[in-house]
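This is what each chain is made of:
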Amino acid sequence: MPAVQETVERVKTLDVDQYKYGFETHIEVDKAPKGLSEDIVRFISQKKGEPEWMTEWRLEAYRRWVTMREPTWARVSYPKIDYQDLYYYAAPKKNPAPKSLDEVDPEILKTYEKLGIPLREQEILAGVEGGSRVAVDAVFDSVSVATTFKEELRKAGVIFCSISEAIREHAELVRKYLGSVVPVSDNFFATLNSAVFTDGSFVYVPEGVRCPMELSTYFRINERKTGQFERTLIIADKGSYVSYLEGCTAPQRDENQLHAAVVELIALDDAEIKYSTVQNWYPGDAQGKGGVYNFVTKRGDCRGANSKISWTQVETGSAITWKYPSCILRGDNSRGEFYSIAISNGYQQVDSGTKMLHLGKNTTSRIISKGIAAGRSENTYRGLVSAHRKATGARNFTNCDSLLIGDKCGAHTVPYIESKNASAVFEHEATTSKISDDQMFYCLQRGLDEEEAVALIVNGFVKDVLQQLPMEFAVEAQKLISISLEGSVG
Amino acid sequence: MSAEVTPIRTAAETALIERFKAAKGELPGDGEVAKRREEAFARIEAAGLPHRRVEEWKYTDLRGLMREAAPLAPLPSAAEAAGAIAAAEAFAAVDAVRLTFVNGHFLPGASSTGGLPAGVEIVPLAEALASGHALLREMGRVAVGKDNAALALNAAFMADGAVIRVADGVPVAQPLHLRFVNTGAAPFATSPRVLVAVGEGASVTLLETHEGTAGVAYQTNTVVEIFAGAGTNVSHVRLNAEGDGALALSTLAVSLGAEALFNTLGVVTGSAAARHQLFLAFEGEGSKVSIGGATMIGGRQHADTTLVVDHAVPGCESRELFKTVVDGEATGVFQGKIIVRPDAQKTDGRMMSAALLLSETGTMNNKPELEIFADDVQCAHGATCGALDEDLLFYLMARGLPRGEAEALLVQAFLGEAIELVAHEGVREALLGRTAAWLAARAA
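Each protein sequence line maps, in turn, to chains A and B. The opening position of the first sequence corresponds to residue 1 in our numbering, with each subsequent residue numbered one higher. The opening position of the second sequence corresponds to residue 491 in our numbering, with each subsequent residue numbered one higher.
Looking at chain A on its own, in the form it has when it is part of the complex (with noise of 0.2 Å):
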């Protein structure tokens, strides 16, 4: 049956028009040359006054790129990018390297204030009295331009700083485990990205540490003709914990502008991360026109048994998404989990998804993913889950549903499921009759239409995750899950 009028409604209000952030912050600011070189990479890494090695790094994985072919196994199509014509780096002039807050542009700080995140600490104490705290690393195009809290998180011994100041400052933990999950030569746009990225998060949480607070990154593209390339790296040792999150906002133009960052998590034994994702970047006009593109590389191992890494995604911008957070499950007992929403509008096109490879014993993990296709968008699920030969006991469900809002968008599902060991249970479903009869009974008992029990049964399912996150994302977050998946398709 067709999706029922207060989804169709809700996810109006998510329109590509409707988008908030699409306005511009006008500062000076430092280009390299247009193009792509081995220059190019050098002047990068000169900038960042990076170690030798880490040239040769980027300069290894530039010639590797040079080699290699766009993937277009993916379900979406643009036209072809000419990456000659792209500034791989832009920082802002004033300063590019702010010691306090005090010396970052007020231009940009005000730019984080309409985007509603708060940077000054006693800002943020103020701003929610006893409420949870929140420190954030902020990236302005190709620059980290301020990380909060860095001082009280130290305390806990908890490292959380821009990935440039860790290549300079923790030189050994950064070579130790950069590129461990994903090798530089993994895809085509991993391998741009660890040619060129700029800057980034980096998270190191010592051996059995509960982090103090949630640590989050707000990302946000500014400049015209600039892709952003961005490094996320996580580090949980033996029984930590930490939950990161990540948002992300572009202003509005009608170019299509590139954003290819790597993500890669690390849990040791016993660790557990929590990375979630508002992703908003601009989603192109109501004729498609303009918008980001967005093809990403996440993935998360873990390393170590009885570890955990739970991938939260909600996914409402980019003109294009190309994204598969995945999780490695090395370690016995280990644990993956994936929670997606993906909401798409106008000409969008998401092919999005995960993988779960098992390859330690008694590992489990689920993938809940709701894919919501509206106007003539197209939204693609796309998934992996393979058991390996010494997976024993592996276990996984899967529980993909989409739904369609009118005739012109279109909605896929494309699992793959590989086992190579018996004892390994996968079990994959696509529709929405998963609700028991004895919830739905329960609801209707109580005096809620079919319609109101099937919304709430199923948003709290996904509700128990969102919740966590904290408030500045939480509020678009929140009107996602209260979308009812009625008249979902399967």
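No lab work stands behind these hints, which were simulated from the structure alone. Be aware that one or more of the hints could be misleading.
What the hints assert, rightly or not - Subject to a maximum C-alpha distance of 25 Å in a straight line, what follows is the list of computed DSS-like cross-link-like pairs (lysine-lysine):
#: 1; chain 1: A; residue 1: K20; chain 2: A; residue 2: K225
#: 2; chain 1: A; residue 1: K238; chain 2: A; residue 2: K390
#: 3; chain 1: A; residue 1: K355; chain 2: B; residue 2: K778
#: 4; chain 1: A; residue 1: K31; chain 2: A; residue 2: K80
#: 5; chain 1: A; residue 1: K176; chain 2: A; residue 2: K238
#: 6; chain 1: B; residue 1: K778; chain 2: B; residue 2: K836
#: 7; chain 1: A; residue 1: K12; chain 2: A; residue 2: K114
#: 8; chain 1: B; residue 1: K548; chain 2: A; residue 2: K390
#: 9; chain 1: B; residue 1: K548; chain 2: A; residue 2: K408
As the list claims (entries may be wrong) - Examples of chain A residues lying across from chain B (beta carbon under 10 Å, computed):
#: 10; residue: S402
#: 11; residue: I405
#: 12; residue: D407
#: 13; residue: K408
#: 14; residue: G410
#: 15; residue: A411
#: 16; residue: T413
#: 17; residue: I417
#: 18; residue: S423
#: 19; residue: Q439
#: 20; residue: Y442
Said to hold, decoys possible - So these bits of chain B aren't anywhere near chain A, every CB distance computed over 12 Å:
#: 21; residue: A524
#: 22; residue: P540
#: 23; residue: H595
#: 24; residue: G622
#: 25; residue: A633
#: 26; residue: D637
#: 27; residue: P677
#: 28; residue: E690
#: 29; residue: D734
#: 30; residue: G776
#: 31; residue: V867
#: 32; residue: G906
#: 33; residue: E907
Keep in mind that this is a model prediction, so the values were computed, not measured. Yeah, the Cβ is synthetic: ideal placement off N, Cα and C, and Gly gets one too.
For chain A, the structure is supplied; the task is to place chain B on it using the hints.
Relative to chain A, chain B alone:
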């Protein structure tokens, strides 16, 4: 990126090109048919055999499986054919009209078409190709399989087979048994094709069996195309009991008119490597389809079932149920895709693939895909994969069954669910018998 890849041809690809050059003058048909052969082969020549990087063939690397291109099978000698036919046992007990094909060649002399009602026309394909039979125009009608490599190979090399036409409103009571028998001491290749046109309101049951000599690395690439008109009722059962050295490709392409009923079941036990493809297109509203599969493989066998159901018109229903049992070091593959086109409102599609891994070393790859462009439809797909339920085994063993028997009973029940879809009692019993025999051989 600019790095152009120059394809390096494998020995089999080079041999195929040579074979085609040498054979095209000898193969039946000229004019349109010859042109079609050239076009089909040009595609193979340009792209080569499909391999793992070609999405459709991701799990079945034809380039790797087809190391050599076996020579085209000549018409077997009468004695050779008689020996092979005598050894063919599939559905032998079923009372049916039999069309016999030995190494892909239609042998009217070894066929029994006596019981057919008026209004059923049967012509050997070689003859039809040579004379330009009217039904040839329908060849390749199902668009979803258009660029398929196995279909193209068959279109290039097809030498014989049959053209069957059931006139409007004719009910064919006896099943029509297409009996493919393969025999030879050295590797050979066959490419039979059968076209079946079922007129409006007619009904027919088609049985397709494939058997062959053990220990010979022969290659078969069978294509059966069914064009079922409005209000037809067609049942189809396919059994792959090929020899253990065979590389068996087969395709069933079906187009369905309005208010038609169609059901098919594919059973695979034989061949070293098998790929069964099913392309089905709804062309009229209100039709219902049931597609089933039961695969039982062991040793180092590889069995792939690939399916595309194209809901191009509104109001049709499709049900897919596939069961795969994998033992030894075998690999099972299921790729299913339901397409719902923008106009196909009120479509109801349900696809389920369940696999049982009986050994520690088996592999199962599942890819149940949905591609939906209409908003008022119901589609669901499911896939499960796992070992036999220990609780169920315990229950049976607690009642005194030895483990082996308990396992066999559960596997039989698992596969039975798909086999029970067959309406014809004799055929159903024969298939259940095959399952029991497979399980007995496994236990021994």
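Interface-negative label, E690 (chain B) against chain A, beta-carbon threshold 12 Å
31 Å, holds
When you look at the beta carbon of A633 (chain B), is every beta carbon of chain A farther off than 12 Å?
18 Å, holds
No chain A beta carbon within 12 Å of G906 (chain B)'s:
It holds; G906 (chain B) is separated from chain A by about 21 Å at its closest Cβ, greater than 12 Å.
Interface exclusion of A524 (chain B) relative to chain A, criterion Cβ beyond 12 Å
34 Å, holds
Quick check on Q439 (chain A) please, does its C-beta sit within 10 Å of some C-beta on chain B?
Violated, about 19 Å.
Does K225 (chain A) sit within 25 Å of K20 (chain A), going by the straight-line distance between their CA atoms?
Distance of about 21 Å is within 25 Å: holds.
Evaluate the condition: distance from the CB of D637 (chain B) to the nearest CB of chain A exceeds 12 Å.
16 Å, holds
With a cut-off of 10 Å, does the beta carbon of T413 (chain A) approach a beta carbon of chain B closely enough for the hint to hold?
4 Å, holds
Does the CB of Y442 (chain A) sit less than 10 Å away from some CB of chain B?
At about 24 Å, which exceeds the 10 Å cut-off, the nearest Cβ of chain B leaves the hint on Y442 (chain A) violated.
Just checking, G776 (chain B) versus chain A, shortest CB gap more than 12 Å?
For G776 (chain B), whose nearest Cβ neighbour in chain A is about 19 Å away, the distance exceeds 12 Å, so it holds.
Can you confirm whether the C-alpha distance between K548 (chain B) and K408 (chain A) stays at or below 25 Å?
30 Å, violated
25 Å Cα cutoff - pair K12 (chain A), K114 (chain A)
23 Å, holds
Hints 3, 9, 19, 20 and 31, counting from the list given before, are not met by this structure.
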